[in-house]
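Taken in sequence, the protein lines are chains A and B.
Counting from 1414, one number per residue, gives the positions in the first sequence under my numbering.
Counting from 19, one number per residue, gives the positions in the second sequence under my numbering.
Treat the hints loosely; a few may be bogus.
[Unchecked claim] Taking lysine-lysine and the PhoX-like style, the derived pairs with C-alpha atoms no more than 20 Å apart in a straight line are:
hint: 1; chain 1: B; residue 1: K246; chain 2: B; residue 2: K235
hint: 2; chain 1: B; residue 1: K280; chain 2: A; residue 2: K1657
hint: 3; chain 1: B; residue 1: K207; chain 2: A; residue 2: K1560
hint: 4; chain 1: B; residue 1: K280; chain 2: B; residue 2: K221
hint: 5; chain 1: B; residue 1: K105; chain 2: A; residue 2: K1657
hint: 6; chain 1: B; residue 1: K54; chain 2: B; residue 2: K105
hint: 7; chain 1: A; residue 1: K1597; chain 2: B; residue 2: K207
hint: 8; chain 1: A; residue 1: K1560; chain 2: A; residue 2: K1463
It is worth saying that the hints were derived from the structure and are not from the lab.
These are the residues of each chain, in order.
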Amino acid sequence: MDIVVLMKFVPDLVEDLEIDGSTGLLERSFLRLIPNELDEHALEEALLLKDRCGGVVSVLTLDFGDVDEALFTALAKGADRAIKLTGEGFDQGPSNQRIAGAFSRALGDLRFDLILTGTQAVDDLDGFVGGLVADRLELPYVGYVTKVTPADGELIVHKEYPGGLNAEIEVTRPAVLGIQAAEKPPRYVVTSKVMEAMKTRKIEEIALGEVATELEVPVAAMALPESGSHAQMIEGDAQQVAEKIVTLLRERGIVA
Amino acid sequence: MVNVCVVVETLRGGITDITFVMLAGGRRLAEGLQTKLTALLLGHHVQKLAGELGAADRVVCIEHDRLAEFNPEAYLRVTTALFEQHKPRIVLLGHTATGTDLACGLARRLQAPIVAGCRTFSVDDGTAQYSALICGGKLIATGPLPEPTCVATMMSGGYKADEGRGTRTPAIETLTLPAGLDRLRVNFKRYIEPPTGDVDIAKEAILVSVGRGIQNKDNIALVEELAKALGGAVSGSRPVIDQEWLPTTRLVGKSGKQVKPKLYLALGISGAPEHAEGMRDAELIVAINRDPKAPIYGLAHYGAVVDVLELVPKLTTALQRA
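Next comes chain A alone, as it looks inside the complex (with noise of 0.2 Å):
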């Protein structure tokens, strides 16, 4: 079964983000960006697809600028193939609507039996990258999958419902998921294996021009939200801070 993994790149939350005074918009000349962590599972539930019955699994993204490395290291834990997508427009910000339509022109030369994704990414604000695709490749879609069993040309997914209940849901090849979580945790790979992919592995590449966007989102503002205008902050070490905890409880009387 041939898979191909759709990953796209999002502010890493670890750093502060920032308003940039002169748009009202997030600053993002100096964001750092990572690998939507949902992607990263969908690749783990590739990988585990095909340790289990074979294909080829192909890892596409956008030039965001600094991605190599994260190709290389898909392709160290046994990716197939890495294919960046390179054209204009791309660092302008989080358009899912362009990056789905970037994806779906690539995927028309692609031969594959089914599409993961992550089910949603942290900076979704004009939609989701899998859904924007399959209805664009007209293909099903089902999000928040947990789990992938081929059988007999179809698929069987679990789709994760709130209370840790799943409905088990046949879908026809080919078909786009969006990943929730993978059965396993995303492999690690050491960084000696991501160097050697450095040195034997090729990452290619598929010029795509221009990919207009559409279907736009209006942001007027951006904020950071007033995060410490809620909780009465406890001052001082870790020490004291347990001390004034314990006394707290106490006055509430949660412990004796």
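Fit chain B to the supplied structure of chain A, relying on the hints for placement.
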């Protein structure tokens, strides 16, 4: 004419809370835009639920056995056919496992943009505005809801579900199926029940909950000890469950359990909206994180910016001494 339309979410024969959050948001939009609020109820034998949708002016029911359980393809065919006939100004869907499956296909077929992750709406000078929470709760985006038609997915946190439980009696209309449901490529088979036999975190009075900040599986033991000293149980956020540091039964949040303990001690949890959904209503929330800007402090009653791994053993000892 459908103007603001909430697509009702049901799960196993009951209306989910997000539906009432959407009705609360939809009510505001409909009143601001001086139009009607419609609730669209799809399913099988669902008309009996229509009475719960009193926040809407009108309930439209479409019944078919293939709509009995959520099926993205079947729901997409029906909603598309309906909305192509009666173009809505705004369609509200849940920012959930069902709403997000439907949003992209529906919006594209209506040639409408999607605004994802909306929490609140307002109408200023006749213009409908959204406020959406993105980047794990670290960024708020605001702007106009695009005209003439747009699809918005809504998450909880902006409006309480109770605000959307109206008391009026809506007009109920049952429509015939507007689209064929044969040769579906997606078919619901069955539900797989959640695993049982573990602690039910929804019933615990004290939860010590851990997030990514706990760093690795070995540190879970430290937290278990703290939970024991407090007489509570250990729960966690999504990354901890996905790493298999805790079993899925311990997940708090949108995909896991909704909890309302007397004490929720959040250790190294950033407080993304998906997590907030499951613990916002706890009686006392104490949050410990190294990041002073973590959104969890917007929910917590008390907070401290210290290293979780340094604090936990000290807190355990202090409690054991107490």
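Item to check | Agreement of B:K280 and B:K221 with the hint, judged by alpha carbon distance not exceeding 20 Å | outcome: Cα-Cα ~10 Å, so holds.
Checklist entry - For the pair supplied as a hint, A:K1560 and A:K1463, is the alpha-carbon distance within the 20 Å limit? => result holds, 14 Å
Item to check | Proposed proximity, A:K1560 with B:K207 (alpha carbon, max 20 Å) | outcome: The given pair, whose Cα atoms are some 14 Å apart, holds under the 20 Å limit.
Checklist entry - Are A:K1597 and B:K207 close enough, with their CA atoms no more than 20 Å apart? => result violated, 24 Å
Checklist entry - Would the pair B:K54 and B:K105 pass a check requiring their Cα atoms to be no farther apart than 20 Å? => result Cα-Cα ~13 Å, so holds.
Next on the checklist: What's the verdict on B:K280 and A:K1657, does the C-alpha distance respect the 20 Å limit or exceed it?
Outcome noted: holds, 18 Å
Next on the checklist: Next pair to validate is B:K105 with A:K1657; report whether the Cα-Cα distance is within 20 Å.
Outcome noted: violated, 58 Å
Next on the checklist: For B:K246 and B:K235, compute the direct alpha-carbon distance and say whether it is at most 20 Å.
Outcome noted: Judged against 20 Å, a Cα distance of about 18 Å means the pair holds.
Of the numbered hints stated above, those contradicted by the structure are hints 5 and 7, listed in ascending order.
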